[in-house]
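There are 2 protein chains.
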Amino acid sequence: MTTKLPSDLEIARQAQLWPLADVAQRAGLPAESLIPYGRHAAKVDLDVLEGEPQRPPAKMIVVTAVTPTPLGEGKTTTAVGLAQGMAHIGQQAMLTLRQPSMGPTFGVKGGAAGGGYSQIVPMEMLNLHLTGDFHAVTAAHNLLAAMLDAHLFHGNALGLDPDNISWRRVLDINDRALRNVVIGLGPKEDGVTRQTGFDITAASEIMVILSLCSSLADLRTRLGRIVVGFTYGGEPVTAEQLGAAGAMTAILRDAIQPNLMQTLEHTPALIHAGPFGNIATGNSSVLADLVASRFSDYVITEAGFGADMGAERFFNVKCRVSGLIPAAAVLVVTVRALKAHSGRHRVAPGKALPAEMLEENPDDVRAGADNLRKHIEIVRGFGVSPVVAINVFPTDHESELEAVREIAEAAGARVARSTHVVHGGAGAAELARAVVAACEESSEFRPTYALDDSLASKLEKVATQVYGADSIELSAQAKKDLKRFEELGYGRLPVVIAKTHLSISSDPKLRGAPTGWTLPVREVRAAVGAGYVYAICGDMRTMPGLGATPAAQQIDLDEHGEIQGLF
Amino acid sequence: MTTKLPSDLEIARQAQLWPLADVAQRAGLPAESLIPYGRHAAKVDLDVLEGEPQRPPAKMIVVTAVTPTPLGEGKTTTAVGLAQGMAHIGQQAMLTLRQPSMGPTFGVKGGAAGGGYSQIVPMEMLNLHLTGDFHAVTAAHNLLAAMLDAHLFHGNALGLDPDNISWRRVLDINDRALRNVVIGLGPKEDGVTRQTGFDITAASEIMVILSLCSSLADLRTRLGRIVVGFTYGGEPVTAEQLGAAGAMTAILRDAIQPNLMQTLEHTPALIHAGPFGNIATGNSSVLADLVASRFSDYVITEAGFGADMGAERFFNVKCRVSGLIPAAAVLVVTVRALKAHSGRHRVAPGKALPAEMLEENPDDVRAGADNLRKHIEIVRGFGVSPVVAINVFPTDHESELEAVREIAEAAGARVARSTHVVHGGAGAAELARAVVAACEESSEFRPTYALDDSLASKLEKVATQVYGADSIELSAQAKKDLKRFEELGYGRLPVVIAKTHLSISSDPKLRGAPTGWTLPVREVRAAVGAGYVYAICGDMRTMPGLGATPAAQQIDLDEHGEIQGLF
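Just so you know, the sequences run in chain order D and A.
Numbering-wise (numbering that gives the first Met the number 0), the first sequence opens with residue 0 and increments by one.
Numbering-wise (numbering that gives the first Met the number 0), the second sequence opens with residue 0 and increments by one.
The following block holds chain D by itself, in its conformation from the complex:
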């Protein structure tokens, strides 16, 4: 446990990558389906989805977590490690992961390529442009914005109310100064003056559309359905009405194809889309899941944040679109997360753990156990088998790791330690065996609500049955919003609850498994193109900022032209 690990970048640099055709072969993907982008990534032609499948669909495994600390609990590394671990026990698996956002790479970086000996490589490609999908989302999003403002400028024939426009602009960057802007200043020919702002590209509705669409035709339909604002009379105005949807589809025609990369152990990974985990679905794409499930025995996908967040939307939103039935859920837990849930410690983003948290203290772990128990219950609530994966850190103590195991076993869950960061796939073999066993159980997957339920009822069911709230409290505005959305025909859409990921409740300060609380819904918005309605329950940041010494200042090329300081 005291191995001194080389840095992620050093490990990644030493990797001998396989030709992608060999990686594809391992995934069962036909070589001719690969469209190369650079030497180490390829797009997969969606033609592979045509015709009758030659085999039963893969077993679908979602990797989720307990409520994380601001440092994250290693969900991506566990997903990568597990996929590598499957090969160690003779099973064939494929990963489907979100593409990391480039903005945070230059801010405070969490590292979205995995870590240690469980990484996607080349990591600098993954964390910068990859094949340009995020750029395409940015371009399509901003084309719609430009066409909207041009429509206002050229006479506003649709009668769009400038004070009721929800479509902003996006950039894949951390730039606080763009959160609130006034555009169209200067002489009259420089456009109509109005207030608006920029979000980070990952927060674009188009990013969610990219993640949820099931074909090029479906992409076209969803883009056309985007509501950019309302007329003076309260009627929605769509991208279709602005004549933008066709051109937006043309911009996204390549982006819709998932990107094939590999792990350090040459496990095939489809990297695709990267919607925000707080206001959006926080899951990789339906198309990547469909491709992977057609060719592999096991598909391992990661959902953002805790099981109350990304996994809930995986089950209630994404699986409804893909039609894929989850076979098991991996619940990543760390000693430090349960210690934090004891309420006895404070963990801050971008800072090292307080020294006292590293001392041996299984009591702290047990004091935070409620959070793990609640997440096990959340997963079970969907009729899915939970497998608790203890992501082992070098600083963990044996007594603490055992405490976690006892808590999980007492709750009736399968449990396994995983040392994939230090040992790669070999360190995840125990976890892989537990997952395979869980997948053998008969699944009785059940979403939390039916689409026929009213929007308010859907919100209430998620709040009470998933989060454990007593009830929801709709503000006057929220009630008005819901009524209007039902009238506009959005009533059959699924819901997303935009709340903090640092608590199962909507209060980031509440640790463990909060009870006796009410979910306050401030307002409700509709992502009609993506196909969901989302309730705002807290302050959601959709454009990060840069700190006083952003990570970008450490990034440069070395004398060989290789990127250094990326992580």
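Honestly, the hints are just simulated from the structure, not real lab data.
It cannot be assumed that every hint is accurate.
Chain copies aren't distinguished; within one or between two, either way the pair holds.
[Said to hold, decoys possible] Here are the simulated lysine-lysine pairs, DSSO-like style, with alpha carbons at most 30 Å apart: (1) LYS350 x LYS187; (2) LYS508 x LYS187; (3) LYS482 x LYS3; (4) LYS187 x LYS3; (5) LYS482 x LYS460; (6) LYS3 x LYS479.
Position chain A against the provided structure of chain D, taking the given hints into account.
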């Protein structure tokens, strides 16, 4: 001359593309230097520039034009046609062209892929993302802007004067509403409030840097040298001081490699960079020229607008960096351009030619002859042989075409008709032969000025010796700017004169070859990273707008998922 031509898109669709490895072989490029991006484009590894060249450098041919009408005179089609024509006469040639900007593709589109049977294919790839270089420029540019605003927000240790910041943001889009904006509104944590704006990506200084840098190390140096604004004390503040240059280089590490594509006749073409032709150099990249000249017998490159604009900068700025000596210049002329220079007709952008301009009228052609004569003289002024290429339109009359030939021959220039749009390379065979003959002449290339000349003297020499102005008139501001730049050590930089491209003078209404005029210099700016000083002589638009019915409204996918309506 009455052939009914299929549309550009139809012709492009019917093309049977060669595998890029075969195209590379034709260019003499080693197969292992190709890094594929999609099925029909590849980046060329800059390793090909290492080691001793195996052959003498190619003969360098720049394709320029008379002063164009707002419709353009077919410079790109001529460059493509000529390159194809070289093969028809048994010569080996390679093209180096700018990448078209995506913004105008969705506005009013001029078609930057060539046209008819002289096109770069696949045209939809060329006109949309290609390999993402423009996106990389956008990302690098805006990262610097975000780091600048973060610096202001976190205490402004460098003492940057918020009222003296010249670094704006960019997007590859036509969006007039972004020309003038106020950012940093809202609560204090949302940044420092200040006025700024967005330019189109092609107008970014980083795009010029991409076009002028000669290696990755040179790119890094130039990025660090970018001046974003000045301190309260008047000292320049650079990207290096903000700690941004390394990260920007990382973002641009792949973009620096030229992109290999092919013409309809499989002629190799390097597509790279796309700086604006009015405020910037308007030429494709030095690196593309260096790669092409190392492997080909002839390199054909296009420079923006007329010979007073792009070609002047090709000679005075780009060739100084690349060290390549131009062997000949092709001067594209059309019957319609000379008719327009008669002053008897008006041609408006985005509109069809007035009917009376299509009537047979060689007198109108002769009345506009001064413009052609002046451009021949401009080319000769650089010691380069001009070849006049008459780009034949189906609506031209024999007497008019003969009139053009007589004017060119009377001026002592080689001249050839070219019907490459209708007949592909075969239609440019006469032109190709004339170009080969011109290249056999001994070249006495001489730039207009020496770098040791003062900035004012450089501006004056270009204005008088190239444009034919009597003198220049510096405003008080311009004098102040020049003095300050000399003090700051920018005095040895070459100059760019930002003026209209619709006249050889700075007044867009003056046709032909204006005489007896003075060039008014309103202000002078420095692009220190790119490495030139530019004089503002007129209103330069750096962010286009969308019309009432933008081209985007016609673009969509057909039932096979193919893009339609792109042109």
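Verification of the supplied hints:
no., hint, in the structure
1, LYS350 x LYS187, "between (49 Å within a copy, 24 Å between copies)"
2, LYS508 x LYS187, "between (49 Å within a copy, 24 Å between copies)"
3, LYS482 x LYS3, "neither (58 Å within a copy, 58 Å between copies)"
4, LYS187 x LYS3, "neither (63 Å within a copy, 43 Å between copies)"
5, LYS482 x LYS460, "within (18 Å within a copy, 71 Å between copies)"
6, LYS3 x LYS479, "neither (57 Å within a copy, 60 Å between copies)"
Violated hints, listed in ascending order, are 3, 4, 6; each of the other numbered hints is respected by the structure.
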